[in-house]
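Number of protein chains: 2
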Amino acid sequence: MSSTPKLGRVQLQIMQVLWAQESATARQITDELNRQKPVGAPPIAHSTVQTLLRKLEAKGAVSHRVEERIFVFEPVHEQSEVATGAAADLLARLFNRSISGLVAHLVKHEKVSPEELDRLREVVAQAEAAQNARANATTAEGSR
Amino acid sequence: MSSTPKLGRVQLQIMQVLWAQESATARQITDELNRQKPVGAPPIAHSTVQTLLRKLEAKGAVSHRVEERIFVFEPVHEQSEVATGAAADLLARLFNRSISGLVAHLVKHEKVSPEELDRLREVVAQAEAAQNARANATTAEGSR
DNA sequence: AGGCATAATTTACTGAGGTAAACGCGGTTC
DNA sequence: GAACCGCGTTTACCTCAGTAAATTATGCCT
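Sequences listed follow chains A and B, in order.
Counting from 1 along the first sequence, just add 917 to a position and that's the residue number in this note's numbering.
Counting from 1 along the second sequence, just add 917 to a position and that's the residue number in this note's numbering.
Check each hint, because a few of them may be wrong.
Pairs involving identical chains hold if they fit within one copy or between any two copies, as the list cannot separate such chains.
As the list claims (entries may be wrong) - Straight line, CA to CA, 27 Å or less: simulated DSSO-like cross-link-like pairs of lysine-lysine:
1. K1028 <-> K972
2. K923 <-> K976
3. K954 <-> K972
4. K954 <-> K923
It is worth saying that the hints were derived from the structure and are not from the lab.
Working from the sequences, and respecting the hints, build out all of it.
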């Protein structure tokens, strides 16, 4: 069962680049990371990125193919898989698996824009609708 | 600037016990952790817990007082502080700071009970109400 | 051909988390 | 008072993330 592997801080940043670009060379990743880097922060060395890429490949998070004698890496897992795994982890570790508890904390302690709250309400409404639909289907199924 | 320190996996478990009990001795924590441990998992050694407690104290996550020649530990930070920090971290790392994105993932990939969805809607509604109240106050202020 | 540029690989070191045995010490027990 | 128990301390490993220089391989340019 290849459950999504655990990733470190920088490893995740690398994955972000890969998810955003579909696939990338080590050089592209290095440049991208250094471009995003906040001012004052020391740039990451290319060899560091290469090392981490090999570690990522070793644990099955990325794969590579050779193109023009250069390694082109691509992610093995979808971003959503990793994201969901990490979220479930956080939920279990600190919020007693209570999603509402987590969200309550977020809306209380993070600054949330009105638009974001709108989207949030939308998401909840949709989930509720989906659940109702499923309930109806089950009822109908059972009633005949 | 004592921002909440970063905690490891087992370190967090220790903190959970401390948060639940207000304060505890190393022995109590060891026993509690081993009680909660899933069957088949090897129990944690007492000295391991002691070591981690000292590391936690070194980084300012817990403090101790001596009572009857025995160390009694207690958490330095509130659980909510640590939880909020960790949540903000996850949000930044994987969800581009989008709370709705996070919640969308959760309701999609975790099984959410109808009650939990209810609470969730409640939380969002309350946040919205709070925001509207603030907006109204601002408008009233500006319109006269 | 010689050298430059770039890529991949090798090697090395630090720091943190986790794990736990070994050690020393004060108090209890027979 | 000798053996023992429980506690904190010391010491020691292992693993993994992160960091990056040094080395090797190879194509390309002049």
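Going down the list of hints, with the structure as the test:
1. In this assembly of identical chains, the alpha carbons of K1028 and K972 never lie at most 27 Å apart, being 36 Å within a copy and 33 Å across copies at closest.
2. In the homo-oligomer, the alpha carbons of K923 and K976 lie at most 27 Å apart both inside one protomer (9 Å) and across protomers (24 Å), since each shortest distance falls under that limit.
3. Within a single copy, K954 and K972 get their C-alpha atoms as close as 22 Å, which meets the 27 Å cut-off; across copies the closest is 31 Å, which misses it.
4. For the homomeric pair K954 and K923, the shortest alpha-carbon distances inside one copy (23 Å) and between copies (21 Å) are both at most 27 Å.
Hint check: a violation occurs at hint 1 only; the rest are consistent with the structure.
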